[in-house]
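Undergrad: Protein chains in written order, with our numbering: chain P, 1 to 373; chain C, 1 to 373.
Heads up, none of these hints are tricks.
Here are the simulated lysine to any residue pairs, SDA-like style, with alpha carbons at most 25 Å apart:
no. : chain 1 : residue 1 : chain 2 : residue 2
1   : P       : Lys140    : C       : Asp108
2   : C       : Lys140    : C       : Ser82
3   : P       : Lys247    : C       : Thr114
4   : P       : Lys357    : C       : Val304
5   : C       : Lys68     : P       : Ile369
6   : C       : Lys357    : P       : Arg26
7   : P       : Lys357    : C       : Gly27
8   : C       : Lys169    : P       : Ile369
Chain P stretches covered by chain C per the calculated footprint, using a threshold of three residues with CB under 8 Å from any CB of chain C:
no. : segment
9   : 37–43
10  : 78–88
11  : 97–103
12  : 185–191
13  : 206–216
14  : 356–370
Hints are computed from structural coordinates only; laboratory data are not their basis.
Virtual Cβ for every residue (Gly too), placed ideally from N, Cα, C.
Chain by chain, the residues:
2 protein chains.
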Amino acid sequence: MVPNLQSGMENVYVDTSAICYIDGKRGELYYRGYSIDELSRMSTYEEVAYLLWYGRLPRRSELREFRKSLSLERELQEEVYSIMELLPKSVNPMGALRTIVSYLGNLDGEPSVTVEDVYRKGVSVTAKIPTIVASLWNIKNGREPIRPRKDLSHAANFLYMLHGEKPSKDEERAMDVALILYAEHEINASAFAVMTVGSTLSDYYSALVAGIGALKGPLHGGAVEEALRQFMEIGSPERVEEWFWRKLERGERIMGAGHRVYKTYDPRALIFKEYARALGEPELYAVAEKLEELVESHLAKKGVHINVDYWAGIVFHALGIPPELYTTIFAMGRVAGWTAHLAEYLSHNRLIRPRLKYVGEIGRRYVPIEERG
Amino acid sequence: MVPNLQSGMENVYVDTSAICYIDGKRGELYYRGYSIDELSRMSTYEEVAYLLWYGRLPRRSELREFRKSLSLERELQEEVYSIMELLPKSVNPMGALRTIVSYLGNLDGEPSVTVEDVYRKGVSVTAKIPTIVASLWNIKNGREPIRPRKDLSHAANFLYMLHGEKPSKDEERAMDVALILYAEHEINASAFAVMTVGSTLSDYYSALVAGIGALKGPLHGGAVEEALRQFMEIGSPERVEEWFWRKLERGERIMGAGHRVYKTYDPRALIFKEYARALGEPELYAVAEKLEELVESHLAKKGVHINVDYWAGIVFHALGIPPELYTTIFAMGRVAGWTAHLAEYLSHNRLIRPRLKYVGEIGRRYVPIEERG
Numbered sequence: 001m002v003p004n005l006q007s008g009m010e011n012v013y014v015d016t017s018a019i020c021y022i023d024g025k026r027g028e029l030y031y032r033g034y035s036i037d038e039l040s041r042m043s044t045y046e047e048v049a050y051l052l053w054y055g056r057l058p059r060r061s062e063l064r065e066f067r068k069s070l071s072l073e074r075e076l077q078e079e080v081y082s083i084m085e086l087l088p089k090s091v092n093p094m095g096a097l098r099t100i101v102s103y104l105g106n107l108d109g110e111p112s113v114t115v116e117d118v119y120r121k122g123v124s125v126t127a128k129i130p131t132i133v134a135s136l137w138n139i140k141n142g143r144e145p146i147r148p149r150k151d152l153s154h155a156a157n158f159l160y161m162l163h164g165e166k167p168s169k170d171e172e173r174a175m176d177v178a179l180i181l182y183a184e185h186e187i188n189a190s191a192f193a194v195m196t197v198g199s200t201l202s203d204y205y206s207a208l209v210a211g212i213g214a215l216k217g218p219l220h221g222g223a224v225e226e227a228l229r230q231f232m233e234i235g236s237p238e239r240v241e242e243w244f245w246r247k248l249e250r251g252e253r254i255m256g257a258g259h260r261v262y263k264t265y266d267p268r269a270l271i272f273k274e275y276a277r278a279l280g281e282p283e284l285y286a287v288a289e290k291l292e293e294l295v296e297s298h299l300a301k302k303g304v305h306i307n308v309d310y311w312a313g314i315v316f317h318a319l320g321i322p323p324e325l326y327t328t329i330f331a332m333g334r335v336a337g338w339t340a341h342l343a344e345y346l347s348h349n350r351l352i353r354p355r356l357k358y359v360g361e362i363g364r365r366y367v368p369i370e371e372r373g
Numbered sequence: 001m002v003p004n005l006q007s008g009m010e011n012v013y014v015d016t017s018a019i020c021y022i023d024g025k026r027g028e029l030y031y032r033g034y035s036i037d038e039l040s041r042m043s044t045y046e047e048v049a050y051l052l053w054y055g056r057l058p059r060r061s062e063l064r065e066f067r068k069s070l071s072l073e074r075e076l077q078e079e080v081y082s083i084m085e086l087l088p089k090s091v092n093p094m095g096a097l098r099t100i101v102s103y104l105g106n107l108d109g110e111p112s113v114t115v116e117d118v119y120r121k122g123v124s125v126t127a128k129i130p131t132i133v134a135s136l137w138n139i140k141n142g143r144e145p146i147r148p149r150k151d152l153s154h155a156a157n158f159l160y161m162l163h164g165e166k167p168s169k170d171e172e173r174a175m176d177v178a179l180i181l182y183a184e185h186e187i188n189a190s191a192f193a194v195m196t197v198g199s200t201l202s203d204y205y206s207a208l209v210a211g212i213g214a215l216k217g218p219l220h221g222g223a224v225e226e227a228l229r230q231f232m233e234i235g236s237p238e239r240v241e242e243w244f245w246r247k248l249e250r251g252e253r254i255m256g257a258g259h260r261v262y263k264t265y266d267p268r269a270l271i272f273k274e275y276a277r278a279l280g281e282p283e284l285y286a287v288a289e290k291l292e293e294l295v296e297s298h299l300a301k302k303g304v305h306i307n308v309d310y311w312a313g314i315v316f317h318a319l320g321i322p323p324e325l326y327t328t329i330f331a332m333g334r335v336a337g338w339t340a341h342l343a344e345y346l347s348h349n350r351l352i353r354p355r356l357k358y359v360g361e362i363g364r365r366y367v368p369i370e371e372r373g
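Pulled out of the complex, with its shape left as it was, chain P reads as follows (with noise of 0.2 Å):
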């Protein structure tokens, strides 16, 4: 035995922080002190972007400065849309967005990260990524990258850029609260390892790489489109129970169920599932419906409950998005709290660098190339 050693770093501490509070027991989750139910019943993924990066609910006028700044923000560089021309079109969007983000930085010079330019970069950052991924899909297509509009707001705009029409109020609604809901989870893979990278003070573009590059793990974000899937394999309700005790036999994941932290039904899934009941395929959502059933009785006593991915994926198919962009649509979200995490993490750095305990030999003697056997 190892002594400290921390597999998958589970219940380590890295640092202490007030912008997320999980009860995994419980299935809360408050943003800054505010539950996520409130937020996703009142707030706008704008306010809530400020409220993670600020700390408070800004005022009438902050908010509507911080929107516009935002919107002045969304158009990328003439040279990014070249970039993206240049991508094969059987690219993966999440690496993709690797890509462009990257590049953005270069286009930035990227200094060293300052605590300063952390929300400032963040608001450039946050405001381009939906124009990113909505013009990777229209160039992916054959189609003309359709530029972003200062008078919508962030939803809005994405679903606008995506479809080339503005959508419906409870559309743009859906799609609010589907960034609200993914704006933030604490120091998962993907938060950790924007942090990780930060901690070296390299620069604000190099931390959110390496977290779109955690978020693209089918064991992070990956998992909307797989649920989807599975609900459309399985296709009808009266085929969900002989599926489901053969993924079972099989020792196979339910996809969208099960969670490191909640030890309960996930509240973000339960948020998601009324969008989902409101604006799905009806088949989809029985099909998912029963599933959900089977997990909660027969895997919850081992842990296993519904997670944020299993009802996401129906509310995206409902509002046109393409399975394919639903790991982007994540990235789109957590945006907000991996600047929070970095900016906070920046406000008294430490280098983050654990270590390996050695199980290896010692002393091997180095033996000349003519003398191995």
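Knowing the structure of chain P, use the given hints to seat chain C on it.
TA: Frame of chain P, contents of chain C only:
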């Protein structure tokens, strides 16, 4: 006090490992059990990369095959040159490397990482980084990139692409030793960023890009350039003493001194020093030697000693490598270690997900915007 709070993760063991052993008290470093002294005297970068990846020294035929596979992967796809042309001329070379390696991932399709494909992709990226770095430099300076040669060693080919002529045997050896010394160093911020991103099963390129981003930081990889610049700023051995005491009075750091793990002279610095003495500009060497004496006699009691970055710049300067590229040389070596750690961690992967200790309020009431003060 927060229980189990691990600032900067100092002395937290993340995993067991059989790759690298550092004895920080005695100033010893072993790759796979072989001391860095033996390896730097007798081995080559290609052999060291093989050793780090496969855990043993190669037989003659294995090394021949490995060198060949690296030499065949040096050339970049034509699109990569087009992307490099689109980077601003003022681009930070590490930022550029980050974007280009990310783009290599886009070309590769970047499926989820598996242990099996880490080494295959590792060969490709290890082979290409020197080509990227030399090409970036040539393009930045308005010259045509020089295409790689298959008949040269990894070290010689890089200097050839940078300068347009084959290096001398001494220059080749110094470059080779530099890459060996930078090849691996347990789990610093960059290797840890690679592992964190890899632990989501993202993809090889996402993990590498996180490592490059971390290494770019001045608290991690940026010190070689600054160490050389400080010797140049001092200018002559007579001015060292005054400069040193003024620096201390102001509470400023000596660049290339101090390390989280070594509490004595860094063994890699001893080896770099030999090459600095043999190849470096005598005046710069004399300045550095005088400053070293002051550091070791006045700062050693605080645990501050000469580290790997101190002498490296004088060697690189002698090899005609521009200071702006020094951190990319570090990356050129370290890719071997990053790849080894990624493969080792994936062989028993667990998602890296630590915690933050919440110290803020809980249950703040959402006040509608009209009612805010």
